[in-house]
Amino acid sequence: MRIQVRRTGGFAGIERHAEVDTSGRSDAHEWQALAEKALAAGRGTPPIGVPDGFSYQITVDGRTVYAADPRLTEEQRKLISRVLKEGA
Amino acid sequence: MTTNGGFEPVFCTVVPPHVLDRLARNDDPALSGPARRTLLRDSELRSRRRVTTEFRLAAAPTAKAPSDQPLRTVYDAGHRTVLPGTEVRAEGSEPGQDATVNRAYSGLGATFDLFLKAYGRHSIDGDGLPLDATVHYDEDYGNAFWNGEQMVFGDGDGEIFLDFTIPIDVIGHELAHGVTQYTANLTYYGQPGALNESMSDVFGSLIKQYTLGQTAAEADWLIGAGLLAPGVTGKALRSMKEPGSAYDDDVLGKDPQPGTMDDYVRTGRDNGGVHINSGIPNHAFYLAATALGGYAWEKAGQIWYDALAGGELGERAFFGDFAKLTVKAARERFGAGGEELQAVEKAWEQVGVRIL
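In the order they appear, the protein sequences are chains X and L. Reading the first sequence from the start, the letters are residues 1 to 88 in full-length UniProt numbering. Reading the second sequence from the start, the letters are residues 1 to 356 in full-length UniProt numbering.
Since the hints were made in silico from the structure, they are not lab data. Note that the coordinates shown come from a computational prediction; the quantities given were computed from them, not determined experimentally. All C-beta atoms in this analysis are idealised placements derived from N, C-alpha and C, irrespective of residue type, glycine included. Any given hint could be a false lead.
[To be verified] With the Cβ distance kept under 10 Å, some of the chain L side facing chain X (calculated, not the full set):
| hint | residue |
| --- | --- |
| 1 | H79 |
| 2 | L83 |
| 3 | T86 |
| 4 | W146 |
| 5 | R316 |
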C-alpha cells in the first residue's frame with residue numbers, strides 16, 4: 001500500500017509532501033488499518049479550511065481524499081503526522 | 001468523530017453560503033446545528049453592516065457600552081488538539097512561568113490596543129468580544145490559525161519553525177482574521193482569500209510597529225521575523241517591502257510571493273494561493289505607507305481600516321474592489337487634494353491593480 005500526504009496552506013503557506021510504502025514493513029497491517037479509516041472519513045473535494053489552517057490531501061493507492069485543520073479525525077491526524085514524519 | 005471535544009469551531013464562516021444552506025437542512029444535527037447558527041449569525045452580521053453603512057452608526061445598539069479594557073484568556077492545550085484546553089491565564093492576572101503564555105497574553109493586549117486607540121474599535125467584533133488564545137497546540141505543530149472563535153498557536157518543530165507566539169505580528173495576524181470575519185467576512189479562497197490574508201499581514205505588521213513605536217521608514221515590514229529556526233536560510237516568512245525575498249532555503253524552498261499583478265500565481269493549492277498572492281496588496285500597503293511617512297497606522301492604516309470595516313466591502317471582493325474603497329476612504333478622510341489620495345492611487349498603480 002502506497003500512502004501519500006500533501007499538506008498545503010498554513011500560516012507560512014509552505015507545502016510539504018511525503019509518502020510511505022507499506023509493502024515489506026512489519027507494521028504494514030497497522031498502517032493499512034489507519035489509512036483505511038482516514039480515507040473513509042475524508043472528503044471528495046477540498047474543504048475550505050479556517051484561516052491559516054493546514055489543508056491536506058491523502059492519497060492511498062491512487063484514491064485521494066481531502067481534509068483540513070482543525071476538523072480532522074483522530075485517525076487522519078495520526079496518519080498525516082506519521083507519514084510526514086516517517087515518510088520520504 | 002473529531003478531536004475537538006465539546007468545542008465546536010465556527011468552520012462554516014468560510015464555507016460558501018449555498019453549502020451552508022444544504023448543511024443546515026441535513027438530518028444530522030451535528031452538521032445542521034452549526035450551519036444553522038452560522039447562517040443566523042451571518043445574517044445578523046450582514047444587517048449590522050448595512051445599518052453601519054446606511055446610518056453611520058458605530059455598531060448595533062447594545063445595553064452597555066463595551067469596555068476599553070480587553071478580556072483575555074489564555075489556554076494551554078498540553079500538546080493535544082482539544083480546544084480550548086486548560087485555562088492558564090485570565091485577564092488581570094500576573095505573568096506566570098510560561099513565556100509562551102505571557103507572549104500570547106501581551107500580544108492580545110497589543111492588538112486590542114491598536115484597534116481601540118487608532119480606530120476606535122472595541123475588540124475584534126467592535127463590541128468587546130473576549131479574546132481567547134490556546135498555546136502549545138498539538139506536538140511539534142508548525143502553525144497558528146484562527147478557527148472562527150479563537151486563536152491557536154503551535155510550538156513549532158524546532159527544526160524549521162520556533163514557537164508561533166514569538167513574533168507579535170503573528171498574534172496580530174490571527175486576531176485580524178477575526179476582525180475581517182466580523183467586517184467584510186472575505187471568502188477564504190482565491191483573490192478574496194488573498195485579500196483576507198493581506199488584511200491580517202497589514203494589521204499584524206501595524207501591531208508590531210505600534211508596539212515598537214516605529215515609523216514606516218523604521219519598520220522591517222517582515223511577517224514572522226524570529227519564527228524561523230537558526231538553521232533556516234531566511235529572515236521571515238513574508239516581506240511586504242519586497243515580496244518573494246523573505247527566505248530561500250534548501251528545505252523550505254524559495255518565498256513564492258509576487259509583488260505585482262504581472263506575477264499573480266494561479267493555483268488550486270493553499271486555498272487558491274491565499275498566502276502567495278497576498279504579496280500584491282501587502283506591497284501596495286507598504287508603498288502607500290512609506291510614501292506618506294510617519295506612523296503607518298495613522299494614515300495608511302486608517303484608510304485600509306476604513307475600506308475593510310466601512311460596510312461596503314463584499315465577501316467576494318477582488319483586489320480592485322478593495323483598492324477602489326481605499327481611494328474613496330483616502331478622499332473622504334483626508335480630502336480630494338491630499339497627498340494621501342495620491343499615495344494610495346499610486347501604490348495600487350505600482351503593483352498593477354486596476355481600480356474597479
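Here is how each hint holds up against the structure:
Look at H79(L): its Cβ only gets to about 12 Å from chain X, farther than 10 Å, so that hint breaks. Interface hint at L83(L): satisfied, since its Cβ lies 7 Å from the closest Cβ of chain X, which is below the 10 Å cut-off. Given hint, T86(L) at the interface with chain X, is violated; its Cβ is 17 Å from that chain's nearest Cβ, farther than 10 Å. Proximity of W146(L) to chain X holds as hinted, the smallest CB-CB distance being about 5 Å (cut-off 10 Å).
Restraint check, R316(L) versus chain X: the minimum CB separation of about 13 Å is more than 10 Å; hint violated.
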